[in-house]
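Engineer: Using the sequences and the hints, build the whole thing.
For reference, the chains in residue letters:
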Amino acid sequence: METPEKIYTVTELNNQAKIMLESEFKGIVLDGEISNFKKYSSGHCYFSLKDSGGQISGVMYRFKAVYLKFIPKDGIKVRVKGTVTLYPVRGSYQIIVDEMHEKGVGELQKKFEELKKKLESEGLFDKSRKRPLPSMPQKIGVITSPTGAAVRDILTVLKRRFSNVHVLLYPVRVQGAEAPGEITAAIEDMNRHFPDIDVLIVGRGGGSLEDLWAFNEEIVARAIFASKIPVISAVGHEIDWMISDFTADVRAATPSVAAEIVLGRKEELIKSVDNAVVRMKNSLNKKCAVMGDRLNAALRRPYLREPELFMSGFEQGFDIAFESLVAVKNRMFDSYTERSRTLYERLNILSPINTLERGYAIAQKADGTVIKRARDAAAGDKINVRLFRGSIGAEVRETVDG
Amino acid sequence: MSEKKQALKKDFEKELKRLEEIVALLEKGDSPLDESIKLFEEGIEKASDMKKNLEESKRKIEIISKKSGLFTTEKFGDDEI
Numbered sequence: 000m001e002t003p004e005k006i007y008t009v010t011e012l013n014n015q016a017k018i019m020l021e022s023e024f025k026g027i028v029l030d031g032e033i034s035n036f037k038k039y040s041s042g043h044c045y046f047s048l049k050d051s052g053g054q055i056s057g058v059m060y061r062f063k064a065v066y067l068k069f070i071p072k073d074g075i076k077v078r079v080k081g082t083v084t085l086y087p088v089r090g091s092y093q094i095i096v097d098e099m100h101e102k103g104v105g106e107l108q109k110k111f112e113e114l115k116k117k118l119e120s121e122g123l124f125d126k127s128r129k130r131p132l133p134s135m136p137q138k139i140g141v142i143t144s145p146t147g148a149a150v151r152d153i154l155t156v157l158k159r160r161f162s163n164v165h166v167l168l169y170p171v172r173v174q175g176a177e178a179p180g181e182i183t184a185a186i187e188d189m190n191r192h193f194p195d196i197d198v199l200i201v202g203r204g205g206g207s208l209e210d211l212w213a214f215n216e217e218i219v220a221r222a223i224f225a226s227k228i229p230v231i232s233a234v235g236h237e238i239d240w241m242i243s244d245f246t247a248d249v250r251a252a253t254p255s256v257a258a259e260i261v262l263g264r265k266e267e268l269i270k271s272v273d274n275a276v277v278r279m280k281n282s283l284n285k286k287c288a289v290m291g292d293r294l295n296a297a298l299r300r301p302y303l304r305e306p307e308l309f310m311s312g313f314e315q316g317f318d319i320a321f322e323s324l325v326a327v328k329n330r331m332f333d334s335y336t337e338r339s340r341t342l343y344e345r346l347n348i349l350s351p352i353n354t355l356e357r358g359y360a361i362a363q364k365a366d367g368t369v370i371k372r373a374r375d376a377a378a379g380d381k382i383n384v385r386l387f388r389g390s391i392g393a394e395v396r397e398t399v400d401g
Numbered sequence: 000m001s002e003k004k005q006a007l008k009k010d011f012e013k014e015l016k017r018l019e020e021i022v023a024l025l026e027k028g029d030s031p032l033d034e035s036i037k038l039f040e041e042g043i044e045k046a047s048d049m050k051k052n053l054e055e056s057k058r059k060i061e062i063i064s065k066k067s068g069l070f071t072t073e074k075f076g077d078d079e080i
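Listed in order, the protein sequences are those of chains Y and U.
Heads up: the first sequence begins at 0 in numbering that gives the first Met the number 0, then just goes up one per residue.
Heads up: the second sequence begins at 0 in numbering that gives the first Met the number 0, then just goes up one per residue.
There could be a bad hint or two in this list.
[Stated by the list, open to error] Here are some of the chain U residues that sit facing chain Y, going by a computed Cβ distance under 8 Å:
hint, residue
1, Ile21
2, Arg58
3, Ile60
4, Ile63
No lab work stands behind these hints, which were simulated from the structure alone.
In this text the structure is predicted, and so the values were computed from the model without any measurement.
Where is the CB? At the ideal position from N, CA and C, for every residue including glycine.
Structural biologist: Take a look at the structure:
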């Protein structure tokens with residue numbers, strides 16, 4: 000081995016290669032297919048970009064990744080803008096991505112914006128035009144691929160909800176050149192031949208913008224607009240709105256959500272009818288209870304509960320009255336008795352009989368006048384002398400004046 | 000059949016409104032008892048009719064096929080759900 004001009008350390012080499020790569024491949028645009036995509040909790044995204052001949056590691060830091068307009072997934076073809084660099088610790092090289100777009104999206108995006116503006120100005124998105132969903136959804140038309148995720152998701156919701164509904168699936172292709180025409184024809188056929196359908200769900204599962212493109216086609220939008228049956232647009236692309244989303248009466252983020260919306264309304268109705276029954280029963284019960292209380296209150300009144308009580312009340316009153324009458328009478332008599340007794344006593348004191356009892360006598364003339372002085376009588380008068388017991392007839396012999 | 004169904008649907012909205020009205024009247028509780036009972040009977044009858052309508056349809060999943068302009072439907076899915 001000859002003496003080399005320069006001997007590098009690993010670090011020196013890596014650093015120099017890093018500088019070379021960064022100056023040579025700064026802000027380049029690269030097309031490739033994503034593989035091994037991983038988003039860390041830090042928000043940084045790590046992946047590889049590959050084509051048929053090879054691959055390169057890529058990283059998109061969080062502060063750039065927040066501007067992503069789609070969810071990168073393995074297999075999606077993208078166009079990125081970034082700078083190639085070398086990671087000295089590992090000596091591996093990678094591209095630090097600043098921007099990432101789905102391939103062909105720029106053009107599609109432009110088409111989308113133009114069509115959106117056009118249909119909007121024609122009034123296809125008018126809120127006033129949106130019809131309410133039927134209150135009694137019994138028959139649901141589903142326009143989607145019979146093998147796709149959408150129909151599976153809808154049937155899963157149906158199973159989980161135990162809903163009695165009639166689902167009519169109109170099978171169509173939901174991506175590729177034939178898709179817009181088939182979807183349009185299906186909407187028209189459903190309206191013409193199955194007018195008793197209550198609501199149409201038109202949609203598909205998620206995919207790349209290209210895959211979903213049929214739902215951004217003008218003929219599909221116009222068919223949705225013309226549909227007499229209310230339409231729910233259900234394209235499994237939660238971030239961006241499709242033209243069909245703007246045109247439909249209701250937009251569901253995914254087919255499952257569409258099914259939930261439709262079945263939810265029916266369950267809501269059943270619940271509100273049940274609820275009405277409960278409320279009616281309660282009000283009537285309450286009313287009856289109020290009446291019952293009044294009746295009971297009336298029945299509890301003593302006179303109704305025990306008529307005898309009512310009578311005995313009367314009787315008691317009568318007894319009391321009678322008693323007091325007797326009392327009054329007695330009192331009256333007592334007072335008479337008392338008075339007559341005093342009178343009698345006083346009379347007794349005044350009565351001469353008591354005096355006669357002690358031996359005094361009363362002399363009376365024949366005419367009954369009491370002789371109080373000797374000169375009231377003359378000799379020879381016949382007088383009567385009244386004693387305590389009996390009297391004596393006597394003749395005056397002489398009188399002596401006193 | 001379809002016309003009849005259509006009419007049924009329109010009626011349903013009307014019936015629902017009437018039912019709500021009855022509930023409100025009963026809850027207000029101003030009407031005399033015999034009137035309340037009449038309202039209650041009407042409401043219960045309506046509610047059970049409506050529930051019958053809501054629940055009468057069987058769960059059915061069918062796929063449409065179009066052959067030379069004619070539409071036929073057949074059962075879709077692998078299981079009886």
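Engineer: Give a verdict on every hint.
Structural biologist: Going down the list of hints, with the structure as the test:
no., hint, verdict
1, Ile21, "holds, 7 Å"
2, Arg58, "holds, 5 Å"
3, Ile60, "holds, 5 Å"
4, Ile63, "holds, 5 Å"
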